[in-house]
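S.K.: Here is what each chain is made of, one letter per residue.
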Amino acid sequence: MATEFARVEEKLYQNRYIVDAGKPHIVIEPHTTPSKNLLAMTKVCPAGCYAENDLGQVEIIADGCLECGTCRILLEPTGEITWSFPRGGFGVLFKFG
Amino acid sequence: MIEERFDAIVIGAGMAGNAAAYTMAARGLKVLQLERGEYPGSKNVQGAILYADMLEKIIPNFREDAPLERHLIEQRFWMMSDRSHTGMQHRSDDFNEEKPNRYTIIRSQFDRWFSKQVQGKGAVVICETTVTELVRNSDGKVIGVRTDRDSDVIFTDVVVLAEGVSGLLGTRAGLRPTPKPDHVALAVKEMHFLPQETIEARFNLRGDEGVVIEAVGSISKGMTGMGFIYTNKESLSLGIGCLVSDFAEKGETPYGLLEAFKKHPSVAPLIQGSEVKEYAAHLIPEGGYKAIPELFGDGWVVVGDAAQLNNAIHREGSNLAMTSGRIAGEAIFQVKSRRDPMTKANLALYKKMIDDSFVMKDLKKYKDMPALLHTNSKNFFLTYPDLVSKAMDNFLRVDGAPKVEKENASIRSFIKQRSLLGLFGDAFKLARAWR
Chain Z
1 MATEFARVEE KLYQNRYIVD AGKPHIVIEP HTTPSKNLLA MTKVCPAGCY AENDLGQVEI
61 IADGCLECGT CRILLEPTGE ITWSFPRGGF GVLFKFG
Chain L
1 MIEERFDAIV IGAGMAGNAA AYTMAARGLK VLQLERGEYP GSKNVQGAIL YADMLEKIIP
61 NFREDAPLER HLIEQRFWMM SDRSHTGMQH RSDDFNEEKP NRYTIIRSQF DRWFSKQVQG
121 KGAVVICETT VTELVRNSDG KVIGVRTDRD SDVIFTDVVV LAEGVSGLLG TRAGLRPTPK
181 PDHVALAVKE MHFLPQETIE ARFNLRGDEG VVIEAVGSIS KGMTGMGFIY TNKESLSLGI
241 GCLVSDFAEK GETPYGLLEA FKKHPSVAPL IQGSEVKEYA AHLIPEGGYK AIPELFGDGW
301 VVVGDAAQLN NAIHREGSNL AMTSGRIAGE AIFQVKSRRD PMTKANLALY KKMIDDSFVM
361 KDLKKYKDMP ALLHTNSKNF FLTYPDLVSK AMDNFLRVDG APKVEKENAS IRSFIKQRSL
421 LGLFGDAFKL ARAWR
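Going down the list, the protein sequences come from chains Z and L.
Anchor point for the first sequence: position 94 equals 94 in our numbering, and the numbering is continuous, going up by one each time.
Anchor point for the second sequence: position 360 equals 360 in our numbering, and the numbering is continuous, going up by one each time.
Do not take every clue at face value.
[Claimed, not checked] Capping the alpha-carbon separation at 25 Å, the derived lysine to aspartate or glutamate pairs in DMTMM-like fashion look like this:
{"no.": "1", "chain 1": "L", "residue 1": "K180", "chain 2": "Z", "residue 2": "E76"}
{"no.": "2", "chain 1": "L", "residue 1": "K233", "chain 2": "Z", "residue 2": "E4"}
{"no.": "3", "chain 1": "Z", "residue 1": "K43", "chain 2": "L", "residue 2": "E259"}
{"no.": "4", "chain 1": "Z", "residue 1": "K23", "chain 2": "L", "residue 2": "D152"}
{"no.": "5", "chain 1": "Z", "residue 1": "K36", "chain 2": "L", "residue 2": "E249"}
{"no.": "6", "chain 1": "L", "residue 1": "K221", "chain 2": "L", "residue 2": "D368"}
Keep in mind the hints are simulated off the structure, nothing from the lab.
With the hints as extra help, turn the sequences into a complete structure.
M.R.: So this is what it looks like as structure tokens:
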């Protein structure tokens, strides 16, 4: 078999990152109930950064972010997240791209 | 702190940015290029296929030292059901020419090479620097940029926005809208490493020959999407992408689609024993002609993916990026040569030149295609591939049933699934969008 990955985290282990500790580049606005698109990000984010907590709210840990911009497309226009690029030099660094 | 004033500042060191910076620097303009990654290419993701013709127009002798993987001699198109694929392929020894037309490349390696050529022409390239703001004067003309390095403004006559599909600067400055979810696809990709001889044996290749496989069908679970396998020298680029709007609606995971694609009985033997060394994700502009924003204004132009310049039907993004970057560079050089200011009226030359090029002519040709594939995605990506698979199975399996009955059964299953009117309607709409 080719390399198989049961979980997305195992895929991310192959990548190189320089995490800007304490300065997340994506922040979710406080909410009680997530919108349809915000909830969808728990599935659609290719790095699995979005997750639902016990209260049914959506949280983000952006350390494994691949900087694709999908969540920006779905959530920035409604103001549900603020999305910036990481500071210069930080974030994912593709060896092959 | 940079106190110099530049003729042009290029934002981003991808295909479009490098083409623009090279074109202007080679003509003697004072160019600053800013890249947020650790090195040029570290934030860039592509399949990736390089089209020689568009690069030749910028760097004619690129074949001498550019990092190229394999030149393409074969294209396979697969229509996939859950357990089968029905294919069409074209392979020709004519593609084994002295100056091949298409190559596979690995972007982070290629972009580093391209950037060296840009620097060789005298452009100043600064990495690890994110541009945070376009600075405008009281008339609204863009006059410089601010970065996350310090708070000072770097002044310039014109800014070339080559910031990619997720470019924030232009949208924050109100120069163009954020792309809509049905105008961009999310693609995920893995790099699978295998010994060179294994790749050549599995794909029937000699030396530097290469193959592209593009696959549609049940692998995208009814969403508008496509899978791909590209042969590099010692690796395979394997991925799958679907429209962001479809992902959001279906709640499918991109990595789930990728794992299912890898396990498909037509794909698994090709990648058996491979070692995966990277997992990447990227957005692809898919909106076509109708999604192209305003391309120029007072003190700025936008090029490449940031301008949604991608031919989704022919899978041509990087060559439209290179070409729009080159044309923008040439237009800016012409305005500069006349000692004219970089106003909206003068930079309209860029739009005129790109309208006259293949870039806009091709995009215009397929202006109705993106919407058609999107609104009919279930039929084009799920129903038809499944019906074709059943018809082929019916045609090939020898089981003693009279051929005329088998043929009629195939036709009946097509009509039952999609109705005669629906079939003709889809064929008509497809033909009209293609013309």
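S.K.: It remains to establish, for every hint, whether it holds in the given structure.
M.R.: Evaluation of the provided hints:
no., hint, verdict
1, L:K180 / Z:E76, "holds (11 Å)"
2, L:K233 / Z:E4, "holds (22 Å)"
3, Z:K43 / L:E259, "holds (15 Å)"
4, Z:K23 / L:D152, "holds (22 Å)"
5, Z:K36 / L:E249, "holds (9 Å)"
6, L:K221 / L:D368, "holds (23 Å)"
Every hint from the earlier list agrees with this structure, and none is contradicted.
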